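Chains as they are written, first to last, in my numbering: chain L, 1 to 213; chain U, 1 to 179.
By construction, these hints were calculated from the structure, which means they are not laboratory data. In this text, all values refer to a predicted model and were calculated from it rather than measured experimentally. Don't take each hint at face value.
Distance windows between CB atoms, simulated [said to hold, decoys possible]: (1) U:Arg116 x L:Gly179: 47 to 53 Å; (2) U:Gly44 x L:Arg74: 32 to 38 Å; (3) U:Glu11 x L:Arg38: 22 to 28 Å; (4) L:Ala31 x U:Glu11: 21 to 27 Å; (5) L:Val72 x U:Asp130: 55 to 61 Å; (6) U:Asn45 x L:Arg74: 34 to 40 Å.
Here are the computed lysine-lysine pairs in the DSSO-like style, where the Cα-Cα straight-line distance is at most 27 Å [unchecked claim]: (7) L:Lys4 x U:Lys93; (8) U:Lys17 x L:Lys161; (9) U:Lys91 x L:Lys91; (10) L:Lys165 x U:Lys93; (11) L:Lys30 x U:Lys128; (12) L:Lys91 x L:Lys165; (13) L:Lys27 x U:Lys91; (14) U:Lys91 x L:Lys4; (15) L:Lys161 x L:Lys42; (16) L:Lys165 x L:Lys30; (17) U:Lys68 x L:Lys42; (18) L:Lys30 x U:Lys171; (19) L:Lys140 x U:Lys68; (20) U:Lys91 x L:Lys165; (21) L:Lys27 x U:Lys68; (22) L:Lys161 x U:Lys173; (23) L:Lys165 x L:Lys42; (24) L:Lys27 x L:Lys4; (25) L:Lys91 x U:Lys128; (26) L:Lys4 x U:Lys68.
Think of the CB as a built atom: it goes at the ideal place given N, C-alpha and C, for glycine as much as any other residue.
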Amino acid sequence: MNGKDAAIERRFREYFAGAEAPGIDLKEAKAELVRARRRAAKRRALTLSLSSACACLALVLVFVFALMPAPVMRYALASADTETVAYSELKERFADEARTFAPFSLSSNATAEYTVYSTEGQPVLLEARLGISDGLGRFKAVVRVDLTEGKYLAEELAPYKTLGKRGEDCRFETLYINGEYVSRAYVVREGGNCFVDVESAREEALGFILGIL
Amino acid sequence: MPPLDHGQLNEMLCDLKRGNADALDGILATVGRRMFALARGIVGNASDAEDVLSESFLKIARGVRTFKEGTNGYAWVMRIVRNAAFDFLRKRKRTATEDLDAFFHLTDERYSPDRREEALLLEEALEKLDDGERRMIYYRYYLDFTVQEVAAETGMSRSAAGRALLAAEEKLKKLLGEI
């Protein structure tokens, strides 16, 4: 019971029991679960079938890809043009991607600074630097949303796409450095793929952020 | 009405994580009323609260891969509802508030006649708490925050939050005639 007072907890249990029961249909949520698992299963099947291709074909592919120019435009985050903007402007200019940051902009438990990164005159990345005070204490996070559907990739963020641990739709790792959990993640999602950094005294902080995205 | 079994809820979340979509029915049956009460307290009406709840279950289905066994599943679920409610208000350009009055006046809307009398006693007692005390009760008994989480939410030290919670609980129990 999480250390709560038994008498009060009993009173609230009865209180909630008499409240209006929600009339909602879970069909869509169930379908979403199935879709998420299918996406993960497809990726696993694709990985298996690629692995089983003959060795010479794999060598030829490596050779061809080594000669071909990279299909993804790379840029350096450190030297990209930056523009600090308010959330209201972010919403106007990048409605779909800005939704990623909606829970943080609205919450009284989070502070946020937003930056638009551009290269060669084209916006490529949205960044939110967050200070969050929640059930996991205070911690910092940086959430970056790709605006280019993968056509542009910051050099500094490329390693995120090959992080070790693989969940459904995401890759992540957490290291324990100087008494803090330092996490990175790459999340494939509608509304823009995300690159996430979290520093926290609690290991669950990454999961908390990923649960919101 | 059986007590809220945190272990049982956590098992449902783990079951959901393994791909059993029917676990969503169990979650709705176990904590749906609390989720609905929280949503309604934030968005202000039952119809919008149902939309928030539908969205919350979508987010639960989508995000369950990140749920970690052994952590507080109830708090995880309620956090999703809270954030979904805030997001709902933001999309409709409405100001986000957590109206403590709305959380503690469930009997104003459709409420079971059998439980109404006891419910009104609780609501009456809650009204006699000051805002700070009611907020402590809200964090602890609605959102299932730990003392540490209450401290983080309010910016208090852990010990101060613990004392404030205890004081609020003692006052409420006295008002309810439990001590």
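Outcome of the hint check:
{"no.": "1", "hint": "U:Arg116 x L:Gly179: 47 to 53 Å", "in the structure": "holds, 52 Å"}
{"no.": "2", "hint": "U:Gly44 x L:Arg74: 32 to 38 Å", "in the structure": "violated, 48 Å"}
{"no.": "3", "hint": "U:Glu11 x L:Arg38: 22 to 28 Å", "in the structure": "holds, 24 Å"}
{"no.": "4", "hint": "L:Ala31 x U:Glu11: 21 to 27 Å", "in the structure": "holds, 23 Å"}
{"no.": "5", "hint": "L:Val72 x U:Asp130: 55 to 61 Å", "in the structure": "holds, 58 Å"}
{"no.": "6", "hint": "U:Asn45 x L:Arg74: 34 to 40 Å", "in the structure": "violated, 50 Å"}
{"no.": "7", "hint": "L:Lys4 x U:Lys93", "in the structure": "violated, 36 Å"}
{"no.": "8", "hint": "U:Lys17 x L:Lys161", "in the structure": "holds, 23 Å"}
{"no.": "9", "hint": "U:Lys91 x L:Lys91", "in the structure": "holds, 10 Å"}
{"no.": "10", "hint": "L:Lys165 x U:Lys93", "in the structure": "violated, 39 Å"}
{"no.": "11", "hint": "L:Lys30 x U:Lys128", "in the structure": "violated, 43 Å"}
{"no.": "12", "hint": "L:Lys91 x L:Lys165", "in the structure": "violated, 32 Å"}
{"no.": "13", "hint": "L:Lys27 x U:Lys91", "in the structure": "holds, 24 Å"}
{"no.": "14", "hint": "U:Lys91 x L:Lys4", "in the structure": "violated, 35 Å"}
{"no.": "15", "hint": "L:Lys161 x L:Lys42", "in the structure": "holds, 18 Å"}
{"no.": "16", "hint": "L:Lys165 x L:Lys30", "in the structure": "holds, 26 Å"}
{"no.": "17", "hint": "U:Lys68 x L:Lys42", "in the structure": "holds, 24 Å"}
{"no.": "18", "hint": "L:Lys30 x U:Lys171", "in the structure": "violated, 43 Å"}
{"no.": "19", "hint": "L:Lys140 x U:Lys68", "in the structure": "holds, 20 Å"}
{"no.": "20", "hint": "U:Lys91 x L:Lys165", "in the structure": "violated, 34 Å"}
{"no.": "21", "hint": "L:Lys27 x U:Lys68", "in the structure": "holds, 25 Å"}
{"no.": "22", "hint": "L:Lys161 x U:Lys173", "in the structure": "violated, 54 Å"}
{"no.": "23", "hint": "L:Lys165 x L:Lys42", "in the structure": "holds, 18 Å"}
{"no.": "24", "hint": "L:Lys27 x L:Lys4", "in the structure": "violated, 35 Å"}
{"no.": "25", "hint": "L:Lys91 x U:Lys128", "in the structure": "violated, 42 Å"}
{"no.": "26", "hint": "L:Lys4 x U:Lys68", "in the structure": "holds, 22 Å"}
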